[in-house]
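All chains, please: the whole structure from these sequences, using the hints.
Residue numbers (my numbering), protein chains in the order written: chain A, 320 to 662; chain B, 16 to 336.
Incorrect hints may have been included.
In silico lysine-lysine, DSSO-like type, Cα no more than 27 Å apart, as pairs [said to hold, decoys possible]:
no.	chain 1	residue 1	chain 2	residue 2
1	B	K246	B	K234
2	B	K290	A	K656
3	A	K533	B	K42
4	B	K290	B	K301
What the hints contain is simulated information worked out from the structure, not anything from laboratory work.
Okay, here's what each chain looks like letter by letter:
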Amino acid sequence: MKNEQSSPTKEIKPGAKKLNNKFFESLKTWFGKYISIKTFIIIRKTFFDICSLKKIVITIIAMLSLPFIFMLMPTGIDFGLISSHHAATIIGIAILFPVFFWTLGIAYTAIIGTSGSHLIAEEVSSGTMLILVSKPISRIKIFLGKYLAVIFFGMLISFISIFTIGWSGVLIKSGNIDHFISLIPFLTALYLYSVFIVFLFTSITMAFSSIFKKSRTASIVVLILIILSFLAFMIIRTLTGALYGMFQIYHFDLGYHLGNVFVLFIETLNAIPPSAAWQSFFGQMTGVYSLTSTIDPDQGINLGGLEKTNYYLPVFSLLIWILIAALLLFFGIWSLKRREISV
Amino acid sequence: MRQKKMKINYEVWSERLTKIYGDGKEKLEAVSKIDLRVAPGIHGFLGPNGAGKTTTYNMLVGAISITEGEAKIRELKAGSVAAKQLIGFLPQDPVFYEDMAGEDYLIYMGQLGGLKAKEAKRKAQEWLNYFDLFNERDREIGKYSGGMKQKIGIAAALIHDPKVLILDEPTANLDPLGRVDVIQKIKELSEKVSVFVSSHILSEIEQMCEDVTMINHGKIVVSDSIKNIKKSFVSNLYILDTDMNEKFLEILKNEDFISKARIEEIDGKIHIIPKDPEKLRKIIPKMLIENKATLLSFHQPELSLQDIFMEIMSKKEDDEK
Numbered sequence: 320m321k322n323e324q325s326s327p328t329k330e331i332k333p334g335a336k337k338l339n340n341k342f343f344e345s346l347k348t349w350f351g352k353y354i355s356i357k358t359f360i361i362i363r364k365t366f367f368d369i370c371s372l373k374k375i376v377i378t379i380i381a382m383l384s385l386p387f388i389f390m391l392m393p394t395g396i397d398f399g400l401i402s403s404h405h406a407a408t409i410i411g412i413a414i415l416f417p418v419f420f421w422t423l424g425i426a427y428t429a430i431i432g433t434s435g436s437h438l439i440a441e442e443v444s445s446g447t448m449l450i451l452v453s454k455p456i457s458r459i460k461i462f463l464g465k466y467l468a469v470i471f472f473g474m475l476i477s478f479i480s481i482f483t484i485g486w487s488g489v490l491i492k493s494g495n496i497d498h499f500i501s502l503i504p505f506l507t508a509l510y511l512y513s514v515f516i517v518f519l520f521t522s523i524t525m526a527f528s529s530i531f532k533k534s535r536t537a538s539i540v541v542l543i544l545i546i547l548s549f550l551a552f553m554i555i556r557t558l559t560g561a562l563y564g565m566f567q568i569y570h571f572d573l574g575y576h577l578g579n580v581f582v583l584f585i586e587t588l589n590a591i592p593p594s595a596a597w598q599s600f601f602g603q604m605t606g607v608y609s610l611t612s613t614i615d616p617d618q619g620i621n622l623g624g625l626e627k628t629n630y631y632l633p634v635f636s637l638l639i640w641i642l643i644a645a646l647l648l649f650f651g652i653w654s655l656k657r658r659e660i661s662v
Numbered sequence: 016m017r018q019k020k021m022k023i024n025y026e027v028w029s030e031r032l033t034k035i036y037g038d039g040k041e042k043l044e045a046v047s048k049i050d051l052r053v054a055p056g057i058h059g060f061l062g063p064n065g066a067g068k069t070t071t072y073n074m075l076v077g078a079i080s081i082t083e084g085e086a087k088i089r090e091l092k093a094g095s096v097a098a099k100q101l102i103g104f105l106p107q108d109p110v111f112y113e114d115m116a117g118e119d120y121l122i123y124m125g126q127l128g129g130l131k132a133k134e135a136k137r138k139a140q141e142w143l144n145y146f147d148l149f150n151e152r153d154r155e156i157g158k159y160s161g162g163m164k165q166k167i168g169i170a171a172a173l174i175h176d177p178k179v180l181i182l183d184e185p186t187a188n189l190d191p192l193g194r195v196d197v198i199q200k201i202k203e204l205s206e207k208v209s210v211f212v213s214s215h216i217l218s219e220i221e222q223m224c225e226d227v228t229m230i231n232h233g234k235i236v237v238s239d240s241i242k243n244i245k246k247s248f249v250s251n252l253y254i255l256d257t258d259m260n261e262k263f264l265e266i267l268k269n270e271d272f273i274s275k276a277r278i279e280e281i282d283g284k285i286h287i288i289p290k291d292p293e294k295l296r297k298i299i300p301k302m303l304i305e306n307k308a309t310l311l312s313f314h315q316p317e318l319s320l321q322d323i324f325m326e327i328m329s330k331k332e333d334d335e336k
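Below, the structure is given as structure tokens:
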């Protein structure tokens with residue numbers, strides 16, 4: 320006892336250790352509440368349920384169909400005479416539109432939507448959920464297990480799709496494997512964007528699956544949302560012209576926000592240089608770019624590329640939709656926790 | 016303190032357990048303030064369809080919320096993960112992952128129950144063996160017969176070594192042979208775990224259980240051992256058969272020691288509930304001689320649970336009227 324009093328350092332150290340231990344213990348307890356070996360059991364079962372080899376093959380073919388058509392269009396450029404970076408830019412621009420609108424747009428979100436919408440709703444309506452909730456596992460873990468399985472499935476198919484697109488883009492367009500290295504920043508940007516998409520749409524889908532009785536209803540609602548995001552708002556934007564900005568319709572235009580986030584990843588990773596070649600079309604489709612060029616106000620020089628509409632800062636679009644996805648995730652968990660499970 | 020001790024002794028315990036669906040005009044009280052006391056062993060839960068058995072079970076396993084009151088599995092709050100570790104549950108008409116093989120399903124259920132993969136596999140094979148399903152372990156559950164599905168359901172409920180097995184109508188939709196088989200297995204299992212089993216087929220419960228709780232319209236009607244229930248009923252019913260039953264009935268009805276007397280339509284005999292059984296036994300021979308009647312039979316019947324249940328239900332309904 321005396322020794323302990325005469326040596327203050329000895330007193331502090333165990334205290335600090337205790338504090339550290341307490342912190343890690345509480346972290347472990349908190350983490351264990353949501354993720355445990357049982358969560359992984361659910362993830363594994365759900366993943367293999369939604370991810371058969373046949374489904375992967377069909378999914379990948381569906382996702383790659385449009386980019387392949389674009390890849391086959393001639394560019395009229397001799398890839399042997401240009402730099403690797405330039406070649407990667409041309410390949411990137413050639414497939415950017417179909418990848419954004421189709422591969423990681425309509426096709427990807429529809430696949431996530433249809434894969435996830437039945438996971439809760441169908442188990443509840445069929446009666447298998449009754450056995451599941453009677454087992455010693457919390458509903459949070461059941462939800463997170465299924466949720467993460469869809470996320471991993473989405474991440475897997477987007478990885479395969481993006482890699483295949485990049486690889487075959489290089490083979491079809493230039494035939495020079497070195498160009499693939501230069502294409503990596505572009506493919507990384509696409510992959511990061513796909514992770515954001517899978518997080519957002521899995522949250523939406525699983526939240527609907529938690530509240531609707533029929534999986535079909537959940538699927539239909541997600542598909543309506545996809546149509547609104549990628550098609551309906553594009554038409555509204557084109558038809559309303561200046562009214563779109565005046566009435567601030569962009570607040571509700573998910574297509575605009577997705578375009579904004581896509582551009583954020585492209586710009587951050589310097590994946591494709593700004594140029595009217597892709598921005599004008601992309602701007603018309605998403606509303607991210609206006610049709611005026613970026614001019615240096617002092618020197619009057621065209622800096623390359625088009626001006627952004629900047630309704631939202633791209634990073635704000637990203638944060639807002641991450642927040643919405645997180646809220647939907649919590650809502651889904653909350654709905655399942657409160658749901659009466661009986662047949 | 017005393018109450019706490021009672022909770023510990025019971026496998027399943029509830030106090031004023033209530034489930035109300037909807038509100039306002041659409042309010043439906045499916046289970047109304049029931050006090051369950053399920054002791055170790057095998058306990059039957061009886062009631063007609065729609066009596067509230069399944070709703071009660073669903074509350075006990077945490078599938079639906081409790082509107083009022085409380086329920087415990089041993090000492091633990093019903094529906095909590097810890098309490099669910101103690102129970103194995105087979106729902107009424109269980110639904111399985113049809114495309115999963117029997118063994119894989121049991122391993123999955125075992126792992127969700129907290130078993131490691133190897134242990135889950137070992138236990139799955141043990142239970143498959145016990146239920147004579149080992150040779151069918153690789154077949155998809157969707158291709159199993161009704162009886163096999165019921166067995167795999169019970170095995171799935173048992174795989175994580177629960178202390179209490181809750182079975183909701185385990186023999187429903189089975190053929191007579193399947194029923195006998197499942198009942199036999201449940202009886203065997205009750206030596207290792209406590210079983211709380213429901214059925215609307217009372218003869219089955221009579222074969223399996225020592226104690227029963229009867230429920231109707233969401234309320235407990237009676238809860239006791241079958242022995243005690245039978246004792247209380249047998250002691251008060253007498254059946255008399257003579258060659259002039261109708262005349263005898265009129266005479267008996269006027270006696271003040273008779274509580275109730277009527278001719279049963281099925282057998283045509285006089286069913287008598289006396290206020291004073293001894294007086295009845297003494298007076299019957301005298302009455303026979305006085306009326307020059309021939310005695311065909313006079314006895315106290317051994318009532319089945321079915322008879323008692325019908326009797327209780329009709330009495331309850333009379334009281335409610």
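Here's how the hints hold up against the structure:
1. B:K246 x B:K234: holds, 23 Å
2. B:K290 x A:K656: violated, 56 Å
3. A:K533 x B:K42: holds, 24 Å
4. B:K290 x B:K301: Since the Cα atoms of K290 (chain B) and K301 (chain B) sit roughly 18 Å apart, the hinted pair holds (cutoff 27 Å).
In terms of the numbered hints stated before, the structure departs from hint 2 and from no other.
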